[in-house]
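My request is simple: use the sequences and hints to build the entire structure.
Mapping the sequence shown onto our numbering, position 10 (from 1) lands on 10, and the numbers just tick up by one.
Simulated from the structure, these hints should not be mistaken for lab results.
Be a bit skeptical, because a hint or two may be false.
[As the list claims (entries may be wrong)] Cβ pair distances, simulated, as ranges:
hint, residue 1, residue 2, range
1, R12, S63, 22 to 30 Å
2, R12, A33, 19 to 27 Å
3, L31, P7, 33 to 41 Å
Quantities reported herein were computed from a predicted structural model and do not represent experimental measurements.
Glycine included, every Cβ here is placed at the ideal spot set by N, Cα and C.
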Amino acid sequence: MTRLVLPGMVERSKGAILNISSASGIAPVPLLAIYSATKAFADFFSQCLHEEYKSKGIFVQVSGVCFNCVSLFLCGFHSNCCRLGNERKSHS
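Given below as structure tokens:
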């Protein structure tokens with residue numbers, strides 16, 4: 001998709017690309033090696049494209065989606081993010 005839209009953006013000197021990633025690209029999840037690797041690729045690909053094309057008026061961002069606490073409990077994984085998230089809510 002990027003290969004299709006980027007030339008037009010360069011021609012117009014204007015554009016934005018938003019790639020979707022996951023927290024699994026930063027902190028791998030057991031049994032999801034390929035998923036984690038593809039999300040890490042999306043992160044670095046976006047960072048590299050941004051550096052290459054920002055001077056041409058094109059901005060590339062990546063949005064990292066995180067697991068929510070319910071998903072972690074259902075899958076049998078638990079981390080401190082749930083506890084910290086609840087602490088933040090209680091202090092607001």
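For a quick check of understanding: which of the numbered hints are violated here, in increasing order?
The structure conflicts with hint 2 only, although it agrees with all the remaining ones.
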